[in-house]
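From first to last, the protein sequence lines are chains U and A. Residues 1 to 112 in the numbering used here are what the first sequence spells out, letter by letter. Residues 1 to 119 in the numbering used here are what the second sequence spells out, letter by letter.
Hint data in this document are derived by calculation from the structure and do not stem from the laboratory. Some hints could be false.
As the list claims (entries may be wrong) - Under the rule of at most 25 Å between Cα atoms (straight-line distance), these lysine-lysine pairs were calculated in the PhoX-like manner:
id, chain 1, residue 1, chain 2, residue 2
1, A, K114, A, K49
2, U, K36, A, K114
3, A, K114, U, K9
4, A, K111, U, K9
5, A, K114, U, K40
6, A, K68, A, K114
7, A, K118, U, K41
8, U, K40, A, K111
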Amino acid sequence: DTAVSQTPKYLVTQMGNDKSIKCEQNLGHDTMYWYKQDSKKFLKIMFSYNNKELIINETVPNRFSPKSPDKAHLNLHINSLELGDSAVYFCASSQRPLMEQYFGPGTRLTVT
Amino acid sequence: AQSVTQLGSHVSVSEGALVLLRCNYSSSVPPYLFWYVQYPNQGLQLLLKYTSAATLVKGINGFEAEFKKSETSFHLTKPSAHMSDAAEYFCAVSPPPPNYGGSQGNLIFGKGTKLSVKP
Numbered sequence: 001d002t003a004v005s006q007t008p009k010y011l012v013t014q015m016g017n018d019k020s021i022k023c024e025q026n027l028g029h030d031t032m033y034w035y036k037q038d039s040k041k042f043l044k045i046m047f048s049y050n051n052k053e054l055i056i057n058e059t060v061p062n063r064f065s066p067k068s069p070d071k072a073h074l075n076l077h078i079n080s081l082e083l084g085d086s087a088v089y090f091c092a093s094s095q096r097p098l099m100e101q102y103f104g105p106g107t108r109l110t111v112t
Numbered sequence: 001a002q003s004v005t006q007l008g009s010h011v012s013v014s015e016g017a018l019v020l021l022r023c024n025y026s027s028s029v030p031p032y033l034f035w036y037v038q039y040p041n042q043g044l045q046l047l048l049k050y051t052s053a054a055t056l057v058k059g060i061n062g063f064e065a066e067f068k069k070s071e072t073s074f075h076l077t078k079p080s081a082h083m084s085d086a087a088e089y090f091c092a093v094s095p096p097p098p099n100y101g102g103s104q105g106n107l108i109f110g111k112g113t114k115l116s117v118k119p
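Please put together the full structure from these sequences, using the hints given.
Below, the structure written as structure tokens:
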């Protein structure tokens, strides 16, 4: 069983569209994260939820909205997609904040 | 605030040679430190972690790292490189729990070092 799963793996869409990426973890962890990895492999935290509550909200455009329906899921919704949103988005989870994180396989988003 | 610097964006070694990937950190409190590996088109996988116990930490795939407070370093080593070690390696730092909250309480990643292994 995959510990942290993301869907879809690839997402190609046009500017202005709205899209969602789903993330699920079956590790029983309390904390989940979204990261953005750019073309230079730089990883930047976007959001973090602990027990379904937002604890980290970095400087991210408000077009990005995370939603945590329960502790095992953290979805990312993106409105009005822009070219600069093209990147690989990783979901991760940890038992508690600041503990080692387990990453999903990533979603490669391409905005044309 | 924590920060981490990985020296060398690209390291190339021959198969069988020593692997040394450098990581220096800055932290106002004794940190937790991590090394992650990312193979092409995959997510990050934890290699090893330092959480204030033994300063020499052994990880998976024959890697180890030593926490040196005096040098604020946490370099990753492997005695003999394999072709399968070719990947991107990330060092990360965080303050230990329960001091979380806000960007200063999150895992901070270095910019990564790409390891190439020549036959």
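- Message: Are any of the numbered hints broken by this structure? If so, which, sorted upward?
- Response: none
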